[in-house]
Structure formats: C-alpha cells, structure tokens
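Residue numbers (the working numbering), protein chains in the order written: chain A, 1 to 409; chain B, 1 to 409.
FYI, nobody ran anything at the bench for these hints, they're computed from the structure.
Since the model is a prediction, treat every value here as computed from it, not as a measurement.
One should not assume that every hint holds.
Identical copies carry no separate label here, and so any pair may be met within one copy or between two of them.
[Said to hold, decoys possible] Taking lysine to aspartate or glutamate and the DMTMM-like style, the derived pairs with C-alpha atoms no more than 20 Å apart in a straight line are:
1. K237 with D48
2. K326 with D86
3. K406 with D52
4. K403 with D206
5. K403 with D204
6. K80 with D179
7. K406 with D206
8. K49 with D179
9. K326 with D354
10. K203 with E222
11. K406 with E329
12. K406 with D204
13. K363 with E351
14. K131 with E331
Residue-level listing of the chains:
There are 2 protein chains.
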Amino acid sequence: MGNMIIGQSGGPTAVINSSLAGAIKAAKINGVERIYGMRYGIEGLLQDKVFDLGVYFSNLYDLSLLKRTPAAFLGSCRYKLPSAKDDEDTYKKIFALLEKYDIDKFLYVGGNDSMDTIQQLYDYAAEHSIKVRFMGIPKTIDNDLPYTDHTPGYGSAAKFIATSMKEMIQDNESFGAGDPRIAVVEIMGRNAGWLTGATALSKDADCGGPDLIYLPELPFDEDDFIERVERILLTKKSIVVAVSEGLRLADGTLVCNYGMDASHTDAFGHQQLSGAGRMLSNALGYRLGCKSRAIEFSLLQRCATHMASRTDVDEAYNVGYIAVSKILEGESGKMVTIEVDSREPYVAHYELHDVHGIANVEKKVPLDWITPDGTYVTEQFVNYVKPLVIGMIEPHFAAGLPKHLKIPK
Amino acid sequence: MGNMIIGQSGGPTAVINSSLAGAIKAAKINGVERIYGMRYGIEGLLQDKVFDLGVYFSNLYDLSLLKRTPAAFLGSCRYKLPSAKDDEDTYKKIFALLEKYDIDKFLYVGGNDSMDTIQQLYDYAAEHSIKVRFMGIPKTIDNDLPYTDHTPGYGSAAKFIATSMKEMIQDNESFGAGDPRIAVVEIMGRNAGWLTGATALSKDADCGGPDLIYLPELPFDEDDFIERVERILLTKKSIVVAVSEGLRLADGTLVCNYGMDASHTDAFGHQQLSGAGRMLSNALGYRLGCKSRAIEFSLLQRCATHMASRTDVDEAYNVGYIAVSKILEGESGKMVTIEVDSREPYVAHYELHDVHGIANVEKKVPLDWITPDGTYVTEQFVNYVKPLVIGMIEPHFAAGLPKHLKIPK
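With the rest of the complex left out, here is chain A (with noise of 0.2 Å):
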C-alpha cells in the first residue's frame, strides 16, 4: 500500500480542519504508513511544499485541537488547475511528485474549484493508466455545491451569523426613546443567498429577526427597498436588514460596484471602494435623513470557530474520515456527500457522488424558498438550516483565549 496526501483548498471554514482530523484518524487507524500534507494546497504541491503529516498528530490532543482550529491548518490556495490539454507539463509535474512520496492516495478538501482539480488529475491519470486515487471532500461557507443536501463549513458560518444578528439586533433596539435607527449587515455569498437567509434564524422567541433579507438569487430595486424601509419606520424605531454581498441590480450591475466612479479619488490619491451594504445604508441615510449603519461580519463569517456548530463540526470530521476509508476500499474520483434522512429528527448518512459534473453547478437557493416579494425566506429554508446549526463545540482555552494549533515554522 502507498501513502497518502491530503490537502486544503479555497477560503476557509470553521471546520475545515475537522474534515482533516477526521481523514487522519481514518488513515492511522487503516495502517497508512505516511500521511503527506500539501503545504498551501496544490500550490504548494507544484512547489514541492509537502510534509509529513504524523509527525504532529502523535496524541489524541492534537486531533481534538485541530478540530478546534480556524482556517486552514495546512494552509491554503485559490489556484485554477489548467487543462491537460493546455498545460501537460503541470500534470507531469504533479504525478512525478506524487511518485517521488510513493503516494497512491490523494484527497482534497474544498469546494467548487477543488472537485475541479479532483476531477482533471483523476481523468489524467485514467487516461495514462496511473494508479493514483482520487477523492474530493466537500467544504464551502457558502453551501453551493450540489448532490450534497449541505457542505460542511454552512452550519457553522449560519450559526455564527444568527447568534450575531441575533446579539446585534437586541442592540440596535436599546435606543428606543431616541431616533431611528437602521442597521445594513452585508453577509458573503456572492451568488448563493444560503448565508444571507440564514440571519433568518435569529428570528425567535426573543429576538425578531432581521426586518429585511435580500439574496443575491433576485434582481435588487432600490427605489423599493427604500420604500419599504420607510413604511416599517412608520412602527419601528429600529430596523435591522440583512443583505447578499453579492446583491445586483435588474441590468446586471452589482450593487456594491453600483455608483463606484474610477476618476474620483481621495487626498491619499486612492480610489474609495465600497460593498453592498456600505451602499445601501448611506443610500438609506441620506433618502430617509436618519441613521443608518454599515455592518459587515467580514473574515470572521468563516473563522470565528469559538462559536462553531457541532453538528457541523461532526459532520466535517466524518466526511474527511468517510472519504479516506472509501479511498482505501478502492473508489476513486468521487466526493462525500451527505443525505439527510430526516430534518427533525435530524438523521443524516453519507454517499459518494461521482466528481464529475460537481465542479460547473453552483446551487443557489431554491426560488420558491424567497418570499414572493423577494424580501425574506420562508419556512422551508428555515427549516433546512435549523438543524445544521444545533450543538456546541467547546473551545480549548489558555489565558482566557482559545488554543489552536499551528504548524511551527
């Protein structure tokens, strides 16, 4: 039996490295001889940047503080595999490094773009007979790959989304007696609304949920969405609205780019740039003349692993080690899905799904999931999310602040 490497892919998650605890613990305990990890991914491998992985996972405490660990622990790439076709030579490359580690076994962690790679180098070394497997495992915040019911990385990003909104909007509401006040959050997810509509969690027994939702799945009327804002101020003196990054108008544009001007620069001589939500709240402050606030949740939406799901942090753990024993049962080029039997009860079984097809669809947020006036979710989302947020995962502290674990330069 040959080794193994594995690496991680794309914007990280909270539980990204959950998966690869999970793919390490179902290697050691198989008997794979050297697990390799690829430092930066397959950037890292095209420098030759592999390292054996054993030499820090020699306890049980590492594992459980991996799990416990933001961002990607063996680092990370956003780098685009070219064709065969185009460029032999990067494959070439690639296999004879692989042959260099005797590694037979190849797993990556990511989304879209990683199941990509997955699936070029598996049809290479089909083609050239090369006796490498290959075998994706699902990870993304934004929850867009298909033939999964949901991507390890959603729950956890979600869950620290509601528990924000949540807490931001019981402060936006403390100044009652004064003026108005409006709150715009702009949530990532440049074409998939799942994380934006996940702020409609918040919406509970004490909290009312953000007043507004828009997805970037919908076309954006401002002159709308003022007016509305306008109406619920008629009721409320706070409002919170929760918007998609990724928000475009009917032509096409992005909102976030909308009224952007190339010649107009600062005194530092810089061009000023400006996101959705930025936009929205000074267009709401200025057609209303009342407060508005710009808030973005920014990196912290996909690292803030204090507040991590552990339903997702048990799910990203079990698709790593899945797709590892799957490996060594002989399959290749495919990817670890999860099938939820029932959403409540939540029970939930893995699959695998051929790679094949999974890199090109990017699943959005079903239409009939937005309110007909495009300015919510509706119960049948809610419903979907609701369990993937269930669970905590206490962190490991050390002076009050929680440990992770790092490779030592």
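Got chain A; can you put chain B on it based on the hints?
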C-alpha cells in the same frame, strides 16, 4: 423605606445586564419593596417610561438569563442632562416623577456622561434637601473611566477582540504560497486605545499577534506606517494591523475623515463615508500594490455576549450588587470602583469613589505602555488586561442559538 429605580445609559456592553442582575438581586435580598426600571434611561424616565422590574424576575432562572443577555435590557439612551442653572424644569420633572413612584434610591449604569447625570442630580437634591440617594455603576467597553482599575464591559470586549484576532490572523496566514495579504482591523475607541491595545493578547503560544498596533494616544504618521508594512512584507506574506477608529494625524485630523471630499457623491447622489481602517487599507493597496482588506468588528465588540469573560461578568454583577448594598447603607453621590490587589493571581475588591470629578476625566492608555516607536503596546499593558479576559460563561442555548431575555412589547 422607599422604592428604588435603576437605569442603563450610553453604548451597551456584553455585561451591562449582569450589573442589572446584581442590583436586582441585592435589592430583593434586602427587601426593597419595588424595583423600578427606567425604559431607555433618563430620556425614557422624562417621558414617564417607568416599569416595575419585579414582574420580570420572579425566579432565579431569569436572572441567570439576564446575565447572558446582550445590549441594555432596560433600553439605553444618549442623553446629556442640561445643568440645573440652564434648565431647572427638567430637574423638577425628574424629582416629581421620583416622588410619584416613592423612589428614594436612584442607580444609573453607565460611563462618563452617566456619571455626570448622577453628579448633577445628587447636587440638585443636596441643594434642595431632597432625600433621594444616588449611586453610579461603572460601565463602558472603552475603559476610560478614572479612579477604577478598569471598567466592567472592557474585559468582555477585549476577550472577543483578542479571540477574533487570533482566528483572523490564522485565516489570513492560510494563503502562504500566493501573493501577500494584508488586513487592517479597525477597533472601537475614539480617544483611548484600551480596546485596540487588547489585540496584543492574541500574541501567544500559537499566534504571532498583530504586526502593528496603532492607538489614538499618539499622532499617526502615514508615511512611516507604509514604510513599516513594506519592510515587514520582505519577510512575511500575511500582515495584520490593528488600528483605533480614532487615529489622528499630527495636525489633529481624524484619519477616517482625511481625504473625505464633501463634493463627491456616488450614483445614488450620496457622499461616501469611510473609516480609519478602510482609509489605511486602501492606502496600502494603492501605495504598495498589494491585496489589502479592511475589517471592522463594529457592534460585535460591545454585544458579543456569547464570548463574554467570566471575570468581567462576575465583576459587573458585583458592582451592581454593591451599589445597591451601599445605597441601602446610606451612601450617596458615589460610583463603585474596582481595586486590583494582585494581577497574578488575580485578586480584586470594590470601593466607592466620590462621583464628582469622574465625568470630566477620560482615562487614556499611559504613554509608557506604548512602545517608543508607537507601533505596539508594552508587556505592562498586556499584564494589565490579561486577567480581565479569563473564564467563560456559556450561553443558555435554544435551537443552537444563545437565548436572551427580553421585555415583552
């Protein structure tokens, strides 16, 4: 014995409700007949928005939940009480309302402005021989109240900021094989750098901490800043800088205003506003031609109760409890302070300080707690804040999200 009233004022903190819980507990134990709450602070009191708090706290579970509830449970205000000389009517109105509810104990949880309110009401009562006692309960994430070692609210904000910093630095370091990545993180604190300095806590066994920390106590030099980042880029691909929202250039201009041009409007017809972090991130991008991202923790700094410090929650509870105990013993015109006997091991006790003179002093970071080059805080600073972030107080969860207590509409 007359009744008691308590109000919350100014920007909320993660633990302002813990002080309220302590005050309610002390009042109940000591047999205060009625505990009134001001809805939206003194601004609400002036509108006769007063309600009986006893109704909401008939069991201990509610007090436990109150400690875990972000923002001002009673509602808050930013209301500057005019002087009695300028506007005696307001005073007459307030004291008439206190008489109406048979109130002789008045407690106010807040920062500098709130202590000014306490002071003026106390002085007016003394001059007019009105038998109402007044007590201030300190609260502010900014930590800028004098005569107390630190202020409740600061420790929890510091813990959230340092935790998020650790997570984001780990995230920012993920892409080590590609282009350099810079993040400029803007932290709250207009004139005092206590929160920005707390980012240094993230420098620990498994995190390098921010590369540069800029406090508002010292003038900011943009050229020197750019040069320093350029130098760090020679050896590192991930740079994270922490800056205070209140940074000023040597001539006193706020960095966040620098470069703002009132004549420029976007396509919506609105002037674009910016923050210090965004300005400096843009400056790096344009002057060094590298990828730079601005990040604001925004409201989360003061409302992320899910990451509150147990030390802070306990101390906030205690100052509330002691304020009521002392007012019942006959004290008036004071603010409760925290005195630290030992930082390691951490031992603290509580005192009272005359409220006069507190309002007008803004406690800043001592200049010798900032490194001579003005780009970091010293070990003394870190030792000061370290004990304040210790301990977790786990939220009560429902459906995966923290539960909060709320005044029914």
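> Are the CA atoms of K363 and E351 at most 20 Å apart within a copy, between copies, both, or neither?
Replying inline: Classified as within: same-chain Cα gap 18 Å, cross-chain 60 Å, threshold 20 Å.
> What label fits K403 with D204 when the C-alpha limit is 20 Å: within, between, both, or neither?
Replying inline: Close across copies (9 Å), not inside one copy (32 Å); limit 20 Å.
> At most 20 Å between C-alpha atoms: does K131 with E331 qualify within a copy, between copies, both, or neither?
Replying inline: Result: close within a single copy only, 12 Å intra versus 83 Å inter.
>> At most 20 Å between CA atoms: does that hold for K80 and D179 within a copy, between copies, both, or neither?
In response: Intra 50 Å, inter 15 Å, cutoff 20 Å: inter-copy only.
> Taking 20 Å as the upper bound on the Cα-Cα distance, should K326 and D354 be classified as within, between, both, or neither?
Replying inline: Answer is within; shortest intra-copy Cα gap is 13 Å, inter-copy 71 Å.
>> Treating 20 Å as the Cα threshold, decide for K203 and E222: within, between, both or neither.
In response: Neither. Shortest intra-copy (24 Å) and inter-copy (44 Å) distances fail the 20 Å Cα cut-off.
>> If the cut is 20 Å between Cα atoms, do K403 and D206 qualify within a copy, between copies, both or neither?
In response: between (32 Å within a copy, 7 Å between copies)
>> One pair to classify: K406 and D204, alpha carbons no more than 20 Å apart. Within, between, both, or neither?
In response: The answer is between: 12 Å across copies meets 20 Å, while 38 Å in one copy does not.
> Under a CA distance limit of 20 Å, which applies to K406 and D206: within one copy, between copies, both, or neither?
Replying inline: Answer is between; shortest inter-copy Cα gap is 6 Å, intra-copy 39 Å.
> When no copy is specified for K237 and D48, does a C-alpha distance of 20 Å or less occur within a copy, between copies, both, or neither?
Replying inline: between (58 Å within a copy, 18 Å between copies)
> For the identical chains here, do K406 and E329 meet the 20 Å Cα criterion within one copy, between copies, both, or neither?
Replying inline: So K406 and E329 fail the 20 Å test inside a copy (31 Å) and across (54 Å) alike.
> Should K406 paired with D52 be assigned to within, between, both, or neither, using CA atoms and 20 Å as the limit?
Replying inline: The answer is within: 14 Å in one copy meets 20 Å, while 53 Å across copies does not.
Against the hints set out earlier in the document, violations occur for numbers 2, 10 and 11.
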